[in-house]
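Undergrad: Listed here are the chains, written in short residue letters.
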Amino acid sequence: AQKITQTQPGMFVQEKEAVTLDCTYDTSDQSYGLFWYKQPSSGEMIFLIYQGSYDEQNATEGRYSLNFQKARKSANLVISASQLGDSAMYFCAMREIQGAQKLVFGQGTRLTINP
Amino acid sequence: GAGVSQSPRYKVAKRGQDVALRCDPISGHVSLFWYQQALGQGPEFLTYFQNEAQLDKSGLPSDRFFAERPEGSVSTLKIQRTQQEDSAVYLCASSLDGGNEKLFFGSGTQLSVL
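Residue numbers (our numbering), protein chains in the order written: chain A, 1 to 115; chain B, 116 to 229.
Isolated chain B, as found in the complex:
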């Protein structure tokens, strides 16, 4: 597609439910990132893929968070047993490569955990 696509746009979950957030990066982009943005804050890094390899997951806040990119294109961020503190906007970004390549962001998934 023309840009980074994320779905769903909004997700409401009851505490304890599992959720799955999808990211479809720009075709051909090697690098893919997930960020978490709390209300009124800057995005915080969660994890990074180069093709299908997850090279950095240092930002994942707990073992309830899991991300995958099995074929090096679409990625899924899964949150198990959601908690209220997981409420945030989850942004996906992709770039052609690393270094000084700019990141292209999707519009994000707004997750609300009740």
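For reference, chain A alone in the conformation it holds in the complex:
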């Protein structure tokens, strides 16, 4: 069974600093996808970034990058130059490429950006 672990319940960061949100995963599948979603207080889950298990390069999307270390089964999200609007819950999730299609989520990390 797939499992996602996010060990940081909360993070506090000064505006404009970079922040790393940790995510480790467990799976026996060879082919899978890793996702990060942001959930502001409005409740909607907003897609941030995707990394495929066979992608050799770390994914980047604007200020977001994914530090993918396959051997360690980690997929940390790095946000550069944090902004006040980055304050939200952040969820790491995994999905099989073949077979079951569901996303499995971690418990989330609440990020607070201080001015």
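Please keep in mind that the hints were generated in silico from the structure rather than gathered at the bench. Hints are not guaranteed to be accurate.
BS3-like cross-link-like pairs, simulated, lysine-lysine; straight-line CA separation at most 25 angstroms [stated by the list, open to error]:
id : chain 1 : residue 1 : chain 2 : residue 2
1  : A       : K73       : B       : K217
2  : B       : K217      : B       : K172
3  : A       : K70       : B       : K172
4  : A       : K70       : A       : K3
5  : B       : K217      : A       : K3
Chain B is nowhere near these chain A residues, computed Cβ spacing over 12 angstroms in every case [unchecked claim]:
id : residue
6  : S42
7  : E56
8  : N67
9  : Q69
10 : N76
11 : L84
12 : D86
For every residue, glycine included, the Cβ atom is placed at its ideal position computed from N, Cα and C.
Dock chain B against chain A, hints included.
TA: Just chain B now, with coordinates in the frame of chain A:
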């Protein structure tokens, strides 16, 4: 529509009442998912549709929960004889297809059972 639409946004039910939650996915999206999110937790998978076919309902917590997508577009999640433990946010998501396609989520329906 432009995004995934869910209604109602908020629902208050007395224990024992039946409720129906609606999800209108992005037009053309084949895959549709329902998730349950308890307060302070990550979303938990409930069920998955590919077009009108319900391919996975392994996450439905009891036979009081029922989902349908009869024409392969709009989906309804029905909860019969609601219990207090059913209180949660119910999220709907859709994707163009499976695999590495990202899921687009709605804003959810917050269900409170009194």
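Undergrad: Now, for every hint given, state plainly whether the structure supports it.
TA: Right, here's what the structure says about each hint:
1. Of the pairs offered as hints, the one joining K73 of chain A and K217 of chain B holds, with about 21 angstroms between alpha carbons and a cut-off of 25 angstroms not exceeded.
2. Under the criterion of a C-alpha separation no larger than 25 angstroms, the hint pairing K217 of chain B with K172 of chain B is consistent with the structure, at around 20 angstroms.
3. At most 25 angstroms may separate the alpha-carbon atoms for a hinted pair to count; K70 of chain A and K172 of chain B exceed this at roughly 30 angstroms.
4. A threshold of 25 angstroms between alpha carbons decides the hint, and for K70 of chain A with K3 of chain A the separation of about 15 angstroms falls inside it, so the pair holds.
5. For the given pair, K217 of chain B sits about 19 angstroms from K3 of chain A by alpha-carbon distance, which is consistent with the 25 angstroms threshold.
6. At roughly 6 angstroms, the least C-beta separation between S42 of chain A and chain B is not larger than 12 angstroms, which violates its mark as non-interface.
7. No Cβ of chain B comes within 12 angstroms of the Cβ of E56 of chain A; the nearest lies about 15 angstroms off, and the non-interface call holds.
8. A cut-off of 12 angstroms between C-beta atoms confirms that N67 of chain A is not in contact with chain B; the least separation is 19 angstroms.
9. No beta-carbon of chain B is positioned within 12 angstroms of the beta-carbon of Q69 of chain A; the least distance is around 19 angstroms.
10. Against the 12 angstroms criterion, N76 of chain A stays outside the reach of chain B, whose nearest CB is about 17 angstroms from its own CB.
11. Remark: the non-interface label on L84 of chain A is consistent with the geometry, its nearest Cβ contact in chain B lying 21 angstroms away (cut-off 12 angstroms).
12. At roughly 18 angstroms, the least C-beta separation between D86 of chain A and chain B is larger than 12 angstroms, which holds for a residue marked as non-interface.
Hints 3, 6, counting from the list given before, are not met by this structure.
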